[in-house]
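Participant: Chains as they are written, first to last, in this note's numbering: chain B, 1 to 95; chain U, 1 to 985; chain X, 1 to 416; chain V, 1 to 188.
Worth flagging that the hints you see were computed from the coordinates, not collected in a lab.
Ideal Cβ positions, reconstructed from N, Cα and C, are used throughout, including at glycine.
Among the hints, erroneous ones may be present.
Dumping the calculated BS3-like pairs for lysine-lysine here, alpha-carbon to alpha-carbon at most 30 Å [claimed, not checked]:
1. Lys-869/U - Lys-945/U
2. Lys-95/B - Lys-97/V
3. Lys-169/X - Lys-133/U
4. Lys-169/X - Lys-588/U
Ranges between beta-carbon positions, derived for each pair [as the list claims (entries may be wrong)]:
5. Gln-31/X - Pro-491/U: 42 to 48 Å
6. Glu-626/U - Thr-14/V: 46 to 52 Å
7. Gly-22/V - Glu-626/U: 38 to 44 Å
8. Gly-76/U - Gly-22/V: 49 to 55 Å
Each chain is listed here by its residues.
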Amino acid sequence: MMIDHPLLGLRDAQEFTYLGDASLIDRPDWQAEDAQETFHDYLYLRENPAGEHRELWFHETGDRSWLVVTRNTLTHEITKVELARDVARARGRSK
Amino acid sequence: MNQINRLTGGQINRNKELNFRFDGRSFKGFEGDTLASALLANGERLMGRSFKYHRPRGVLTAGSEEPNALVELRQGNRQEPNTRATVAELFEGLEANAQNAWPSLRFDAMAVNDRFSNFLTAGFYYKTFMWPKPFWEKVYEPIIRKAAGLGSISFEEDPDLYDKGFLHCDLLIIGAGPSGLAAALTAGRSGARVILADEDFRMGGRLNAETLTLGDASGSDWAAEAHAELASLDNVRLMTRTTVIGAFDHGIYGAVERVQDHLPQTIADKPRQILWRIYSRKAMLCAGAMERPIAFADNDRPGVMLASAVRSYVNRWAAAPAQEIAIFTNNDDGHRTAADLIAKGVKVPAVIDVRADASAVVGAELLAGAEVIGTEGRLGLTSVTVRLANGQTRKINCGALAVSGGWNPNLHLTCHQRGRPQWNADLAGFVPGPDLPSGMSVAGAANGQLSTAQALAGGAMGAVAALNALGIAAKPAELPQAEDAPIALKPFWHVQGGKSRAWVDQQNDVTVKDVRLAHQENFVSVEHLKRYTTLGMATDQGKTSNMLGLAVMAELTGKTIPETGTTIFRPPYTPVPMGTMAGRATGKHFHPTRKTPSHTWAEEKGAVFTEVGDWLRAQWFPRQGETHWRQSVDREVLQTRKSVGVCDVTTLGKIDVQGKDAATFLNKVYANAFAKLPVGKVRYGLMLREDGIAYDDGTAARLAEDHFVVTTTTANAVLAYRNMEFARQCLWPDLDVQLISTTEAWAQYAVAGPNARRLLEKIVDADVDISNAGFPFMACGEITVCGGLRARLFRISFSGELAYEIAVPTRYGDGLVRALMEAGEEFDVTPYGTEALGVMRIEKGHAAGNELNGTTTALNLGLGRMVSKKKDCIGNTLSERSGLSDESGLRLVGFKPIKAHDPVTAGAHLMNASGEISATTDQGYVTSACFSPNLGCSIGIGFLKDGANRLGEVLRAANPLEGQTVEVEVVSAHFIDPEGERLRA
Amino acid sequence: MAYSGLRIIKEALSGHKGWKPAWRDPEPKGQYDIVIVGGGGHGLATAYYLASRYQTAKVAVLEKGWIGGGNVGRNTTIVRSNYLLDGNQSFYNLSLRMWEDLEQDLNYNAMVSQRGILNLVHTDAQRDAARRRGNAMLLAGDDAELLDTEGVRALYPFLNFENARFPIKGGLLHRRGGTVRHDAVAWGYARGADRRGVDIIQNCEVTGFRIESGRCLGVQTTRGFIGAGKVGVAVAGSSSRVMEKAGLRLPLESHVLQAFVSEGLKPVIPGVITYGAGHFYCSQSDKGGLVFGGDIDMYNTYAQRGNLPVVEDVLESGISLIPALGRVRLLRSWGGIMDMSMDGSPFIDRTPIDGLYFNGGWCYGGFKATPASGLCFAHLMATDTPHEVARAYRLDRFRTGHMIDEKGQGAQPNLH
Amino acid sequence: MHNLKPMTALGADTPQIDQFDGLEISERPDFALASLSIRLGRDVQCAEQAKAYLGFDLPEPGQGHLSDPFSCFWMGPVQWMISAPHDSHEDLAVALKQAVGDAGSISEQTDGWCRFDLSGPGLTAVLERLCNVDLASLASGDARRVRLEHLGCFVWCLKPAEAVAVLGPRSSAASLHHALVGAAKSAL
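Turn these sequences into a full structure, and let the hints guide you.
Facilitator: Below, the structure is given as structure tokens:
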């Protein structure tokens, strides 16, 4: 597979380490009443769609960026690649 | 007997005669021959035996799709089973043997199976061999396994090298037949980066095998000219002997180049083959088509061949399969064969054409509307029996029968990403479907464009389209006049009502009868058919048989072929040596070897090394007279605890953490608190996974307000760094933190023992105060040593002794260890390896990899209090789940044998002092154990249910695996200096 | 009709006219007591045991394609019971014992071949772990032997002992482990179930569940609605897709595991061997092909195909372990979609919806579990109580922190 | 001056040089390295201070800069590797830190890496047997992080199509060197 790195262009997926569902960015609030429940769902009940999937890849033997890759799990077609840090900020993870 | 069937002409070099041996007999051939063509030229039709019935077999094809002519090529450690004689290039001294035949190819005892074929029908083995029960493994299976299989291996290590490589191009063209060459000329002239790959050693594809002309040149001459022009363009890379084996995601193709298989001897340091990974922006599949056979009674005799193969042998290799060759066809292609044979002076006794309206053939008798219903000849064809249109039968003498059942496009690579082919009625075959791998287009015969003119045009236009899509201007190469015959074919698959078996899959001995039985037993889905009968499962992957099988099944179900199913293919296109897929990363070079800064010095000292991940670390340093490793290790431990020892701990991961939020950040990735760690201090830290399980521990040293150096375990250096980057980029993206690994940049040594300080005082520069007051336990600092060299000093201890870790830039690591040893002489300093390190940490009750095994929590490790509940950190929430916070759960404790000489063994399971020893009574397990020279007995640490409350209890450590059960006392895991006075000394 | 050597002779002499279909192709009925979704090994086994051991009258197996086309038809055929943790031991112990009696039970030769499985160790820490595992196996009533280097050499003299990056320091031998002819397992169970009245319905895809007031009443399919007292889902890699139709999310991901077969060879590998320093395990089929595999491709996928890096990784390991295979040719590769769970262990459990049951999360260990999985799932559905050896396989175990994590990798499915 | 003798990554006193028909592979211990990362929100200030010290702008992603005494290549988002002659700049990290102050984070990387320079007409043929970098696409100074011999290495273009520096993890220098030499023997 080839991943179109936002900064470096097409890179071989072999340079990356796969983590999975991009919703792992949305780490819950540890002080919430139902923290155990929300952390359970956050960690264990991940998206596993047959189709478009937003997922985290780490450019480990590359520039060490975490990326959010939108990829179709039926065809492997990649339609979008973002820097995970930007996504995290967009999802309100800034301090 | 020398090349009795060699004809005139052909693309062989008659000035270069080559000697070779097959099945123990000597022959001669010419440069440019394949093993198959040379054998045919010598009048040899028998080349192999079939898998199941051991039927005599000759070549069916002239290419890589060959199911029958499989041989063992070369000898000794280069012996190569299942090599297709049809693609093995002849070289001087080539030696090949028949396989799956005993005692000899001509007389094969196992051919007796053929007599019992009626009992050995499809899937018979599923219905028997069940009684008596033990007999399957003991009797039946060994016999079956011995009989099964094809070639054999030498069991010696393959001496050859295999390379990997990476290529980049705008357009990859797969196949150098008419369409591929036209595409390459078009793209090459446009200036695009082009790769043209073909599995043959001569480019041109069918152009080399046919007598067709392109313009006023012969097909092969035109191909040679095209090749020459392409070779002159440096934007075009020509790759002959290169098979594109697979189409992978996003334009990546795998290709195998056979660099030296055609050479008598391999050249030193050069690879036998190269696995290329080709990164293409666009790709064109121009792989042509394969002719398919027709099934009829005894259609598997040596001499029964595909018509196109007969033309290849006669035209390209000037080798006649026989003196008299009859033809059996359902299309005009068969007639072309007759013309070529006659032109070469080969006698054609008859053209048997199933089409009643077939047009006459010049120079040969046409039997229109006739069918072949049988063949004769034990080791080779002598005659065929024909049922004429009028129902009469006639015997026709011939040494070969050229069979043409139509053509199947070579669409294999279009299926590698699960693309589905489409039915094309004109060809009565499958053509590539719409769901091609992204970036791929198909041209020429592979796309159902069977005439030469169509192939040329398809290639040129295809290249233009592909390049234009890339924004590269291109215009189609001007193309010569070429044959443009329409497809004239009557779908015809197998001759009905033949008396004996008609073969569908020749290698696996699957006959029409077997397909019938599969249907009768409801194995009608194509996949069931394949799996039940093994149709298409042979080394040719059904290239010549799948369609036929489908067609027969379709007849039986009354459905159309496309309704019955499609044939879909998976990589590799043709079988690939496992060594080629492995490349160079094998043996000693399977993984890179990481050496510590003291490696050279340790070698001088005669150290014994051990693998720790990819690192090589000194395990112990034997001294004169020490005959057993325990002597060395015990000495290293005792000497260190008595005086001082030095150990290379460079392998620990080191991560530089900087930024004004560095402390806040560490507070989140460590379970324990770091915010208030003063500058100049080190703190032990425990890292949890988000699921609350402890996964790594180490230290963090605060060199400045905004600068920490974090250490991880050797094993988790990469993982911890990755997780910290995840936390930094994805969880807390606006903390001011910067990370970078410095593991390799610093050589780090532990200096441990009562005399550690006195030793170091001789190394660190005068202005550095390392007195207990000036540099107390858990202090750290950036200092200078040996007269001004920048260094880092940490007062931390894994051994439990007064200890420091000292780091200098790696290039000085060798110098430093020598300096430490020299300075330590007066204290009788000892280097110690990983064994002594392990012993001392077990004596001290420190957890390591065996304890941090991915299933244990801080609570289990006895570090429950470390997990701060006052802050958010990775893992703390889920660590509180009931299943992980059981107060009477596993706890880390120590074990001492009741009988001093009993061994405590890692991996033993803990059982109560009395009662049953079983999984249900399991109390825990020993994780680490060693002989403690300080306690004079074997000790261990491990996890015990409610361990904290069971100190003093006597248990049994059960190790049935090695037949030992020993009584142990539960003790604190801190065997030595539990109050930690030594490390603060 | 019963299969036997005599029968074969009789048929051979009478033109094989007597062989009956191995299973019927019935039209789906409107209502069944129990409907099993998924005609793979586990689904067919469940149906077989429901009919043979739990006397369930009306059972149907619904398969979207052809039976045995899932992982039971695309695996490396290994059976074993070499587990470490409580939750798994007794289950796989039962499964292996069931394999040992399977052929006589089914009257179908699935070629259960206990050729022995050898897990190599290359470091002291690996040996410690192997010892703990081996002892766990013995304590649970399975077999295990700890071999040293010479013990390994005696069994596999052609391994790389001299020139290895990671020397072989021994291995854990599990003699009762081995291989089984995978397709035959599906066919044997299908035939056995069919003979006991189970309707096996191929080309029948489940498109939805009819759920009313918290109870599952049946399934919508491409061949119409089929009512059921109880519905059991055993669809491996498709688990998330199917259960999603019932509004359920599962703690698992779908990943592709590639497997490989070489050209046919005269006998090379006597048993099953797994490399401890890389991703490679290998056995040899009765037909002569080396059957081998390694690690999954690491990314979520439903495409039954993999990519080059994993192939290269597997072969690097393979040739490093067995240098004599260098000139042997890789013939074919394929991919199966694995239902990789969050702790590497499976689920056999009720769901929050009455009458809807789930069997999945088998990762790439589903094949060896087939008999016990079928029996335990049948037991659960027939009695509404978990089978005693499958109690730990609960869907809610992550809520309570009762993971069954043999590899200690945590909530990272692609690492199990 | 301290009294410790340095050792090359290949474990010798002097750097290794290998000659092939069309390629020279030379070990280069004579460079000091330091990483520079811009602190959060300090981009402008840090870039300016770095430029003041280095004499050139910090390069764009994937690119680099070659000059005397300082050269540089982009390593990752807001992170660069700075290189300078070891003899004159052994304390590069310290000097850089003084230059950028608290606007940037500096880490000494000198001995984290071993460096082999490959130069000669045979470069393309050798490199294509080693890693997936498309040499034709590299301009002077460009750097790519690649997998080479299973190692994360930088391929740093010193002269388009003719010369590159390969930086790999120092502890694996022998393995990396073996791979480079093996590829050269194989391809040339």
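Participant: Hints the structure violates: just list their numbers, smallest first.
Facilitator: Hint check: 3, 6, 7 and 8 fail, others pass.
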